[in-house]
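Protein chains in written order, with the numbering used here: chain S, 15 to 653; chain Z, 142 to 393; chain E, 9 to 242.
Hints are not guaranteed to be accurate.
Each computed DSSO-like pair below joins lysine-lysine, with the alpha-carbon atoms no more than 27 Å apart [as the list claims (entries may be wrong)]:
hint, chain 1, residue 1, chain 2, residue 2
1, Z, K230, S, K561
2, S, K20, S, K554
3, S, K554, Z, K188
4, E, K15, Z, K335
5, E, K101, Z, K230
6, S, K198, Z, K335
These are calculated hints, taken from the structure and not from any lab test.
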Amino acid sequence: MSLDPKIPAGPLDQKWTHFKNHAKLISPANKRKFKILIVGSGLAGGAAAATLGEQGFNIECFCYQDSPRRAHSIAAQGGINAAKNYQNDGDSVYRLFYDTIKGGDFRSREANVYRLAEVSTSIIDQCVAQGVPFAREYGGLLANRSFGGAQVSRTFYARGQTGQQLLLGTYQALSAQVAAGSVKMFPRTEMLDLVLVDGHAKGIVVRDMVTGEIRSHAGDAVLLCTGGYGNVFYLSTNAKGCNVSATYRAYKRGALFANPCYTQIHPTCIPVSGEYQSKLTLMSESLRNDGRVWAPKRKEDAGKLPQEIPEEARDYFLERKYPSYGNLAPRDISSRSAKEACDEGRGVGPGGLGVYLDFADSINRLTRPVIEERYSNLFEMYENITGENAYERPMRIYPAVHYTMGGLWVDYNLMSNIPGLHVLGEANFSDHGANRLGASALMQGLADGYFVIPYTIGEYLSTQFGKPRPQTTDAAFQQTEREVRGRVQQLLDIKGSRTVDSFHRELGLLIWDKCGMARDRAGLESAIQRIPQLREEFWKTVSVLGKGETFNQSLEKAGRVADFLEFGELMCRDALDREESCGGHFRTEYQTPDGEAVRDDANYHFVSAWRHEGDNVPPTRLKEPLAYEHVKLATRSYK
Amino acid sequence: MNFTLRVWRQNGPAEPGRFEEYPALDIPADASFLEMLDIVNEGLIHKGVEPVQFDHDCREGICGTCSLTIDGVPHGPGRGTTCQLYMRKFQDRDVITIEPFRAAPFPVVRDLAVDRRAFDRIIQSGGFISERTGSAPDANATPIPKPTADFAMDAAACIGCAACAAACPNSSAMLFVSAKIGHLGLLPQGIAEKNRRVLNLVRTMDEEGFGNCSNYYACEAVCPAGIPASFIARMNREYTAASVKEAIGATL
Amino acid sequence: MDLPLGKWLFSSLGKKLVVAITGIILVSFVVGHLLGNLTFFFGPDLINAYALKLHALGPLLWVIRLALLATVVLHIGFTMLVWKENQAARPQKYAVNAPIQTTIFARTMRLTGLIVLAFIAFHLAHFTLHLINPSYATLHTDLDGQQVHDVYRMVVLGFSNPFVSGFYILSLALVAFHLSHGIGSLFQTLGLSSQTLRPVYEATGRIVAWALFAGYAAIPVSVLFFGLGKGVRP
Chain S
15 MSLDPKIPAG PLDQKWTHFK NHAKLISPAN KRKFKILIVG SGLAGGAAAA TLGEQGFNIE
75 CFCYQDSPRR AHSIAAQGGI NAAKNYQNDG DSVYRLFYDT IKGGDFRSRE ANVYRLAEVS
135 TSIIDQCVAQ GVPFAREYGG LLANRSFGGA QVSRTFYARG QTGQQLLLGT YQALSAQVAA
195 GSVKMFPRTE MLDLVLVDGH AKGIVVRDMV TGEIRSHAGD AVLLCTGGYG NVFYLSTNAK
255 GCNVSATYRA YKRGALFANP CYTQIHPTCI PVSGEYQSKL TLMSESLRND GRVWAPKRKE
315 DAGKLPQEIP EEARDYFLER KYPSYGNLAP RDISSRSAKE ACDEGRGVGP GGLGVYLDFA
375 DSINRLTRPV IEERYSNLFE MYENITGENA YERPMRIYPA VHYTMGGLWV DYNLMSNIPG
435 LHVLGEANFS DHGANRLGAS ALMQGLADGY FVIPYTIGEY LSTQFGKPRP QTTDAAFQQT
495 EREVRGRVQQ LLDIKGSRTV DSFHRELGLL IWDKCGMARD RAGLESAIQR IPQLREEFWK
555 TVSVLGKGET FNQSLEKAGR VADFLEFGEL MCRDALDREE SCGGHFRTEY QTPDGEAVRD
615 DANYHFVSAW RHEGDNVPPT RLKEPLAYEH VKLATRSYK
Chain Z
142 MNFTLRVWRQ NGPAEPGRFE EYPALDIPAD ASFLEMLDIV NEGLIHKGVE PVQFDHDCRE
202 GICGTCSLTI DGVPHGPGRG TTCQLYMRKF QDRDVITIEP FRAAPFPVVR DLAVDRRAFD
262 RIIQSGGFIS ERTGSAPDAN ATPIPKPTAD FAMDAAACIG CAACAAACPN SSAMLFVSAK
322 IGHLGLLPQG IAEKNRRVLN LVRTMDEEGF GNCSNYYACE AVCPAGIPAS FIARMNREYT
382 AASVKEAIGA TL
Chain E
9 MDLPLGKWLF SSLGKKLVVA ITGIILVSFV VGHLLGNLTF FFGPDLINAY ALKLHALGPL
69 LWVIRLALLA TVVLHIGFTM LVWKENQAAR PQKYAVNAPI QTTIFARTMR LTGLIVLAFI
129 AFHLAHFTLH LINPSYATLH TDLDGQQVHD VYRMVVLGFS NPFVSGFYIL SLALVAFHLS
189 HGIGSLFQTL GLSSQTLRPV YEATGRIVAW ALFAGYAAIP VSVLFFGLGK GVRP
């Protein structure tokens, strides 16, 4: 099977223009005839639903939350990048493109990333027109802040709630289309399977989470905008409901899963405080603009209060190791440096799993009101959770799983290898390579939803003219529904003694240990052994109380954890297969003597795309070589 | 820490509800309120009792999903969402009563989870700026004074959790509605639809069955986003102006 | 209602607007009434002359009376409409009743309002219609050679009864309670409030409310405790 990314011909900076000039258009009269199913209502899904609805398509949009306004895009704090160069500091589309490719450790697709950088400027225009209240200068023009992995200020922000404001913009645009009748919204509805008709994605099977009804929806194309799989770690900064089920079910129906081992560990999270902990809270990376990261130089100081450790006994390790980027070094590098300090016994706080993020210098330099203006909500959040005042003593931070760069394989048109199945936002793999730069997730979600899919979906739909839309009464739908019902019933029938959460916690801990910030062959192999056992235990001893025909959160969780129990193995297999260190994937066997990642471009400059071969059968790895026409591969250096 | 929970259990919207008492034992003070419920639920499952159903998602105070009324106060003591409430705020051996958000437009889905789609319908009736993707002028084409942008952001910070309506003895949704009207009405981009927006949003709010404002200000006291009730005054003003225009047949 | 005006007035915000505007009229009346009453402290001639002037308005007085009555009816009627809807919006009350932020003045608006209504009825029966003491109607005095109704003597006689005075003072306190929320709050309803102004309105509202109380209560207090107008015989 050959993977054709369908990258348009021509020079890098002309590809998207060229594509748009020659893209297949669908007339307004024909748009009305097509129905598109969109799963997920975050930045990618919401933006796609709003824009495609506005263009005249019939849209059905599904989300597991009680309202599309609650999608987890809302939690992104720091900002959104765009190559506007409003600061006149030398930014350009090319520079944003290059920073993103380099940040991704040269493991993303050139053409996609260039397009992302190109449309980034339109996103800001679009959002401002929607009423997103971005931060402004006194003159009334937009303000920017700098962010990790960049030497220019190109990040637009709305206090510490940029994701929220962008999502509300999307939600409002979506609401307008719901009112106009072009989008039908199905909240509290979870996709449980993908329906293929003659090899094309033509529908989904969903469960109404309120009534428990399992039913099908048929359409002419399916868009999965269902986010990432960070919750495979149990503890992550994702919302509790985030799950891999939609993309994993599609994988089991034949979609390729690309680079599942690329996960991002965010350096600035509030450290874990106990076993009961249900999630980790992120402190925006923007804090690193004004905070200095340090740990005590000597182990003996680790237990002391920060104020008892004199300046000369502090190790500002990011500034020391990466003088040119300092505290703004990319996420993977910063996270690993913090882990190293803790591994050396220099960690602070409970369990020694934390380093300091110190604002004292900035408060002295800029005054406290300026720092409050920038970060007050984050400081409040920190105080609420830890009971400590970060204006007076440094914050404690520790890395946590935050984002997953891997996802379903898609071509330039954002279509997977299954015709009709498109994947947008964090759910696809395309733009961030092995590591995502800060303030790029929002950019990608909105780019895919507002500015890419509306152009590229025509490539598929134009092949579907005159083909009748399948009915949910067709055999393919009935069969898939039966399978879904069977699986739900099976979960309810086990009536075991172990809770769903306990399985999830055990899986999460295992993945964090063996496939977290640092991985090695032995650990990955042991995880690949252990996960199937855990899965078997799950299907024998899990306890899911209640019925399928009611609102039943245990049942919802059980279905998701069952998928994580399979997906975790795929992730470890990918990590094992990739014998190099790149971005968020750090194999301890592949590092320089001073601990820097060693990439193997000769052997691994490709996208790993995994094909499901059957339950409990190892999947097959396919390759999409990353043919770089423009960027010269270089060792990523932030020194 | 140990607590006694009195929890509202209700099987469905049409079924009667009741309080059940559950002990919450050995709860770490650093646990969040929802983590405390997780621990209690794990215990219930082991006893073969269906766990308490409650809405939650991001658990970091921004998505607005969590919606518990704790001892009569939506989101419980302190400013912030339920998920950002930590058990150290309570005293050992406290009896804690947990109820769903109560308002006629928010029927109970099950136990502590309620249906807040009424808020979505309000936004659908005009809580947006009509703008076609791709048709926007350059983002810096219209300068917006920083204080105006900041003020709009104060209102835009609403997380749509509905605590305002749940806290109001009248189940009034004015704070939610006025925040959206304030956010969009303050920005130059939103001015074109200002009059229609305020008329439509207020009417939909009324049709959904929310109560009236008695200026109790309970809404602003529980608002996790700290939205001041002065936005309600703004809405009253805009609504009066728009209504007069409509009544005399002026263009809206 | 289909009329555009009806759509406005019967909306949630419109109804409150009606309550607020009628409230303003009633507060103005209460202020005017007090100014008239305070002539009591300047001796019988002034207050009797004031009463005479008022009655000389003839039909205009009736217009004012009916307008005030209509205002009261609208004020109460719209409040009841609002109240009914508010009840319907919260069919199931919380098991734990924890007043949030709300002041006692705000929480007791309906109660104080209704008691004040009863008081107004008594007050009218007492001093205007003379139903309680029909003899009040026959009190006459000489004002600049003219026989006029002796309002001064009626007030002194009325307030000499400790029960009557007590009821008046209590009722006036409830009026002040009502206005303590009402005055400050109506600026919010009218949309004239802001974060900066709200505390000013609320403080001013309370000061005005209790200043009115002090002004009104001064009369029964001075009659009952300080023997003002003691020379007056039944």
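Here is how each hint holds up against the structure:
1. Proximity of K230/Z to K561/S is assessed by CA-CA distance (about 36 Å); at most 27 Å being required, the pair is judged violated.
2. Restraint check for K20/S and K554/S: the C-alpha separation of about 45 Å exceeds 27 Å, so the hint is violated.
3. Proximity of K554/S to K188/Z is assessed by CA-CA distance (about 18 Å); at most 27 Å being required, the pair is judged to hold.
4. Simply put, K15/E and K335/Z have alpha-carbon atoms about 18 Å apart, close enough for the 27 Å limit, and the pair holds.
5. Of the pairs offered as hints, the one joining K101/E and K230/Z holds, with about 25 Å between alpha carbons and a cut-off of 27 Å not exceeded.
6. Proposed proximity of K198/S and K335/Z is supported: the alpha carbons are some 26 Å apart, at most 27 Å.
Comparing the model with each earlier hint shows violations of hints 1 and 2; every other hint is respected.
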